[in-house]
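Starting from the given sequences, assemble the full structure and let the hints guide the process.
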Amino acid sequence: IFGVDINEESVEIARLSLWLRTASKGRKLNDLSGNIKCGNSLISDPAVAGSKAFDWEKEFPRVFAKGGFDVVIGNPPYVFARENFEQTEKDFYAEHYRATKFQVNTYILFIERAIQILQNDSIYALIVPNSWLMVYSGANLREVILDTCQLRQIINLQGFSFEGVNVETIILIASKSNKKDQPFDVLLNHGQEFYLSHQLDQDSFRTNDGMEFKVFADEESVGLTTKLQEGSKRLDDIAIIKAGLKAYESGKGEPKQTPEDVKARVFDHLYKKNDRTHRYLEGKDVNRYSITWAGQYLEYGNHLAAPRDFEIFTSEKIIIREITGKYPRSIVATYSDELFLFNMSNIAINAKPDSTVLLKFILAVLNSTVMSYYFMKNTAKSVRKMFPKIILKDLRNFPIRVPSLADQKPFVAQVDVMLENSKQLNALTSGFLKLLQSKYTLPKLTRKLEDWPSLDFKGFVGELKKLGVKLGLAEEAEWLAYFSEQQAQARALQEQIARTDRAIDQLVYQLYGLTEEEINIVENT
3 IFGVDINEES
13 VEIARLSLWL
23 RTASKGRKLN
33 DLSGNIKCGN
43 SLISDPAVAG
53 SKAFDWEKEF
63 PRVFAKGGFD
73 VVIGNPPYVF
83 ARENFEQTEK
93 DFYAEHYRAT
103 KFQVNTYILF
113 IERAIQILQN
123 DSIYALIVPN
133 SWLMVYSGAN
143 LREVILDTCQ
153 LRQIINLQGF
163 SFEGVNVETI
173 ILIASKSNKK
183 DQPFDVLLNH
193 GQEFYLSHQL
203 DQDSFRTNDG
213 MEFKVFADEE
223 SVGLTTKLQE
233 GSKRLDDIAI
243 IKAGLKAYES
253 GKGEPKQTPE
263 DVKARVFDHL
273 YKKNDRTHRY
283 LEGKDVNRYS
293 ITWAGQYLEY
303 GNHLAAPRDF
313 EIFTSEKIII
323 REITGKYPRS
333 IVATYSDELF
343 LFNMSNIAIN
353 AKPDSTVLLK
363 FILAVLNSTV
373 MSYYFMKNTA
383 KSVRKMFPKI
393 ILKDLRNFPI
403 RVPSLADQKP
413 FVAQVDVMLE
423 NSKQLNALTS
433 GFLKLLQSKY
443 TLPKLTRKLE
453 DWPSLDFKGF
463 VGELKKLGVK
473 LGLAEEAEWL
483 AYFSEQQAQA
493 RALQEQIART
503 DRAIDQLVYQ
513 LYGLTEEEIN
523 IVENT
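Per our numbering, the sequence shown starts with residue 3, numbered consecutively.
Nothing false has been slipped in among the hints.
Below, a list of computed lysine-lysine pairs in the BS3-like style, where the Cα atoms sit at most 25 Å apart:
#1 425 x 446
#2 286 x 328
#3 441 x 467
#4 328 x 379
#5 275 x 258
#6 446 x 460
None of these hints come from the bench; they were simulated from the model.
So, in structure tokens, the structure goes:
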């Protein structure tokens, strides 16, 4: 057993733990303290790491006399290079690691280091974040693994593995080998148990954009993804896709923003200050087929950190919220032909000049169950438990099958119904809450009250009590009548919205030529 840690205290604890383990009754006492060493596992140059520089071959000569270690296991640290590394460290990594690309995280380097210190046909097992499987900055690492390793297992832990660390992880098990002819297993965990989900051929990843490891897509979903892509155009080829503006960053804008400007949010307003001040949306203000404007304004101009082209906001557009919803309604998008500014928590889709692809048609497809399925099976950040996201790179590749202008009209008609019903529902539910807050001076509502149409009257009264509002008998009777009337209207609109959603789904199924079996896969994933 050998080990290296940069923290001296951790090294001493490990040495003591091993000594106590070998000191157990009935076991031969072994002193392994010389095998546990303190140093920087990634850097061997003292000019870069000082006294912590660690040369593996010099420190463990007997191990490397036979080519390296038999097994490497670990839980490497997750440190982002942009914020925590000196330039000399970044230069060292760029020179000594193939995996460096763009902005590197230490765990990516540790995976390559594990491969470097293994002898051939030996195994490594590491618990690491799942993001490297598909993100741009993991492309070089993926190539290193495909070139030098046989994947054995990738275990999706489906959540956070360590308390206080909001990172979703996998266990990567692979061997350093020139043989890559065996499929590898993808496993999922259920509590303390692991079960086989499916098997994949690692060479199939080489044909993916950036050699993405689409490990959560089984043979069934790969086949369906291929069908969706056949005969389709990339969304980026039929529309203009841009991120929203960035209002604040110290040192950005003209004149340059000061830290005080950023802290005070000097361009935010609660009223229309001048002709350059416009309604402003954050991610939370964008819903499926509706906008819930919170009353914020922003003063537009070059003083903003990244103002973007003003035409993005003035022309008709689809606005997509970056934080996605729950499957099968993962994509949260709406349409607007009004002037709204919005930040980078939202993405804009504008029509290309002289385009015959209608934005409302695109909106129908994006908000459909089919595109939620595609998103979930083909993007890195869709499988996050916390804050799943849709990013520009992924959105640009969405496969849109474009019919004739006449055949787009049924989609547009259904979208118009959705927009109108969603607008009415939004006005009804927000009006009810405004009345409630005004009558009882409630600065903040409970989450259940915000979704008041789903409550029964007893639950509604109970939520009011939590906020210190106790209704008298006469007042309760008055509220019962009003609540029942408003709830009936809200639920009728919700049912109409659900019916229209299903109608749009049927149009999209027909558009892509899905069979009943394929529809069943999409709807029951």
